[in-house]
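Engineer: Sequence:
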Amino acid sequence: MEFNFNIEKFGKLSSLIQVATYFSNEDLCYNYLEKQRWGTTIVCPYCGCVHTYKSSENHRYKCSQCNHKFSVLVGTIFQNTKLPLQKWFMAIYLIATHKKGIASTQLAIDLDITQKTAWFVLHKVRSLMKQDENITLYHTQCDEVYMGGREKNKHQTKKTKGTQGRSYKTKTPVFGMLDMFGNAVALKVQDTKANTLMPIICKYVYPNCKVWTDELGVYKQLPKYGYRHEFVQHKTNKFVLNNGVNTNAIEGLWGQLKRMVWGVYHNVSSQHLQHYLDEAVFRHNTLDLQVCDKFALLFSKAVGVCTEMVDLRRAN
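Per the numbering used here, residue 116 is the first one in the sequence shown, and the count goes up by one each step.
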């Protein structure tokens, strides 16, 4: 993954203690954000005017054209925050570097904040991990998984009848794709029928590419859409064809997702499932990055999260 982010001495910030030392007070944090976002020319986030001057309030400016007061936090995930920026930066580091994620309870302990605040911070940072809708996949493995509690682990009185196998009653279907270069996409879907999955495949997978799947019947329509389809028959205990075709990589992604959900978060609602899928895909797609690079990538997204001039009249 490539990204452009000019940050002085950032490569040395490879541990939490270095992050805390480098951003040791709020003035340093604000000055650094201003430098990374604006450089030497401060720009009003309301109208785009460059004619601004310092306000009497600390770390705030006023636009000479629209008369709005603003700070460097406007339009970023830090907007209107009451949490010190130093804790935000440390939170970004912790979230970026934990291989399977970090629970809000643990983040609350590490940063000395409430669990409610930690949960809010986690979801704010998780919003920076949103998947790229314009990514193009090439020779691709496709598979589906169902996220939800296992019926066999429930008490007899709480089990739901008719939920064995592929059931939507207590589980949420997820469709995933992973290409030959290791780029992954995972989406929460309504069902795993052809009219749901085929448009997704056509959107992301380059035409005339090879698509490898299991023996699910909906994939038989792939040749109609111009794809070269090969499948592995898992029901006959065949997991790799003679030519090496398999779906082991995408199933490995599901293994990482389940370990993240079951081992760290324990419970994920269907409402927020896509956010956790975005997190799992982000961690997979940045496996080859160094610790400092993962931190720098999320930090750059946090600073540049707002790319348009919007109406922020109630912003700080």
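Since the hints were made in silico from the structure, they are not lab data.
These numbers were taken from a predicted model, which means no experiment stands behind them.
No residue lacks a Cβ here, since even glycine has one placed at the ideal position from N, Cα and C.
There could be a bad hint or two in this list.
[Stated by the list, open to error] Think about it this way: if two alpha-carbon atoms lie no more than 27 Å apart in a straight line, the pair counts; the simulated DSS-like pairs of lysine-lysine are:
hint, residue 1, residue 2
1, 353, 231
2, 274, 245
3, 239, 267
4, 239, 269
5, 267, 284
6, 318, 335
[As the list claims (entries may be wrong)] Label pairs and their calculated CB-CB ranges:
hint, residue 1, residue 2, range
7, 162, 245, 25 to 31 Å
8, 245, 141, 25 to 31 Å
9, 276, 344, 54 to 60 Å
10, 231, 297, 34 to 40 Å
Engineer: The structure should be examined with respect to each hint, and the outcome stated for every one.
Structural biologist: A quick look at each hint next to the structure:
1. 353 x 231: Violated: residue 353 and residue 231 sit about 47 Å apart, past 27 Å.
2. 274 x 245: 34 Å, violated
3. 239 x 267: 35 Å, violated
4. 239 x 269: Violated - the C-alpha atoms of residue 269 and residue 239 are around 33 Å apart, more than 27 Å.
5. 267 x 284: 15 Å, holds
6. 318 x 335: 18 Å, holds
7. 162 x 245: 25 to 31 Å: At roughly 27 Å between Cβ atoms, residue 245 and residue 162 fall inside 25 to 31 Å, so the hint holds.
8. 245 x 141: 25 to 31 Å: Once the Cβ atoms are compared, 28 Å apart, the range 25 to 31 Å for residue 141 and residue 245 holds.
9. 276 x 344: 54 to 60 Å: 35 Å, violated
10. 231 x 297: 34 to 40 Å: 36 Å, holds
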